[in-house]
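**Q** Protein chains in written order, with our numbering: chain A, 1 to 456; chain B, 1 to 191.
Fair warning: there could be bad hints in the mix.
Quick list of in silico lysine to aspartate or glutamate cross-link-like pairs, DMTMM-like style, CA-CA up to 20 Å [unchecked claim]:
1. A:Lys-90 with B:Glu-13
2. A:Lys-77 with A:Glu-60
3. A:Lys-90 with B:Glu-45
4. A:Lys-77 with A:Glu-115
5. A:Lys-398 with A:Asp-408
6. A:Lys-353 with A:Asp-417
7. A:Lys-90 with B:Asp-4
8. A:Lys-353 with A:Asp-343
9. A:Lys-77 with A:Asp-103
Calculated Cβ distances over 12 Å to all of chain B for the following chain A residues [said to hold, decoys possible]:
10. Ile-76
11. Ala-105
12. Ile-360
A short, non-exhaustive set of chain B residues, derived as facing chain A with CB atoms under 7 Å [as the list claims (entries may be wrong)]:
13. Thr-5
14. Leu-8
15. Ala-9
16. Cys-12
17. Glu-13
18. Ala-14
19. Pro-17
20. Asp-18
21. Ala-21
22. Gln-42
23. Leu-43
Hints are computed from structural coordinates only; laboratory data are not their basis.
All values reported here derive from a predicted model rather than from experimental measurement.
We put the CB at the ideal spot given by N, CA and C, even for glycine.
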Amino acid sequence: MTWRWREDDAAASTADAALTEAALSSDNLARLDALGGWVEDRRRAWDAEVFAPHPTRDAEAATLWAGWLSGAPWGIKEGWEARWLPDARKVFAGVAIARGLPDGARRNVIDDLAETFFYRLLGAGDGLPGWAEVAVRTLETQAPVAPIVAALDDRARHTAGTCVAARGHWRRTVARHLPRRLRTDRARAAADLLADPLAAEVHIDLHVTLRLLEAWAQGSPPDRDRAIVLQNRGRARGRLRALAAAGGAAALAEPLLALDALDARTRAALRRYAWAWATQELSWGFTLSPERPVTPPCPLLAADQLPDAEAVWPETRTWILLVVLRGRLAHLRAWVATGSTGDRDTTWGRLLKDLPETLIGDGRGPARYAGTRALLADTLDDALDELAPVLGQIAAAKPGRTLRAAVDALLGPVWSDAVSRPASGFPTMQRHAVAFAAALESGTGPLAPSEGDDAD
Amino acid sequence: MLTDTQLLAFLCEALEPDDAAEVRAALADPDVAARLSLLARQLHEPPPPPAFRIPPPGVPGGQRPFLALHVPSDLHDGPITPGGIAQVRLEDPRPPDQVWLVVLRHTERWEVVFPHPGDARVRLDQLAPHPDGGRQLDLVVGPEVGEQRWAVALPSLGLSVEDAANDGWAGLRAGLLDGSVPVVAVALEVG
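Construct the complete structure from the given sequences, taking the supplied hints into account.
**A** As structure tokens, this is what we get:
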């Protein structure tokens, strides 16, 4: 692989600072090598998964899929639920146990999820319908990346290229790997690259490598390495999944119906999707919206609508920390995904007022926040990852009269002055930090739901 | 360290193959295998039935018209003897031959104390008329001293007692939840 270290785009400069010779030391190369071996092992697990064909059941599955693909799902509701709802119910039970729901609430939650599941698959409003997400996950049973990339149509490739050339950390990866002077040229090159599924996978690996080197330059410990790999791969796959799903029946029908073992593959995909959906619903206050996709879309925004992620990173991260300390992370995730929290929570209203001006656009109403939401969609998980240590320290601080001073001291080094520093409510903030740390520990995770990282 | 969430996702076959392979490898550790086994038992147990949703004494439950339960005023002169009888009056606007009687008592939680499987179903019109109107129900209170909470629900005729009880009173629980079964609770002072 040829590395281009210099080019005239500001996007590359931050990464350049990280990618010094020290970053490519023998220790780091050995660390990369070990991680590469681990990634290869994980890839082999995909190859080892076997789906047994069953001609009768596969034909029935194809008929059921045809109901979704033809836009006439009501006729297959009974058959679809008879075949796959029991699987989904089992998954819902698993999620309910994982969330530690009290016995009395568990059955109600399982029943409500089961009752709503078909309507989520049906979808509503502008959001991705669930059936398309399941269809993509069914294609994905062949391999983690290539089948999704192969299902992208021209429009989806264009969107993906534009997104990766302009957004978040991917912007730097693209600037380095596809060095063109203009961003539009880089976007086009990235879109072209997606015509080759294998090249797309290599590109994701490159991105993960750069993220690791950047993290190591900042002192990230070895026990974080695998999480960095999983999160970045998961997010990339999630974005591609959303784009493929947005292609709808026109893009998905042919590859889907050509699959062997369609029944077994659909069952596997449905279980994975049901887990992600139920986890998301329980994380976001169980509002059971049929409009809310599990796979977040990649909204196309003009470059001038997007805050520069690098430039506003300190205040972005600080505001997210404030949101967590105020116990509104679930609200934030819902807002980023849908533009609404689903309630009229006054604490959330105050948090929005605390958003630094640099993160807000010029429009009126929800349009003001389009860039903010897109920015947070790109960076929220990275920010939470960075904030986990300080939140853990706040959680472990001694309660009582010294708490305020202790929390103040911990916030000092990470706080940006662009966000008002909390002056009261320290015991409550500590409770929220404890809840964050506990969720991180249990794996039900404040970092979940993350795109494509559903059960990690 | 695998979390319970990862193990549950594995049990539900909701993990992607790479994550599932890592769980399988981790099962060589007896502690992980034991945790998985425990979670599997939990997952395969039927979830407990939802609680009986009964409003506090004095608040009618269910949709209008409400069922009313009156405690005769002479009972207020003093507590009821432990194990004694509290005569209460039920007033319900529904046809008394169309509903049947279920009596519940709250100890640690609400439980049906009448009927049990094997008991005949008792329609409301099978209770003696009360001189003040409605029907009279004799509640035999428990031996415990202090406040005892009782409730009466009147589901419509439908299931047999056996079917209802064997189903964990799921129909009654659902009816109390959605308001289709009238219910009323009372607090009796025993001492």
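**Q** Quick check: which numbered hints come out false for this structure?
**A** Checked against the structure, the hints that fail are numbers 9, 11, while the rest are satisfied.
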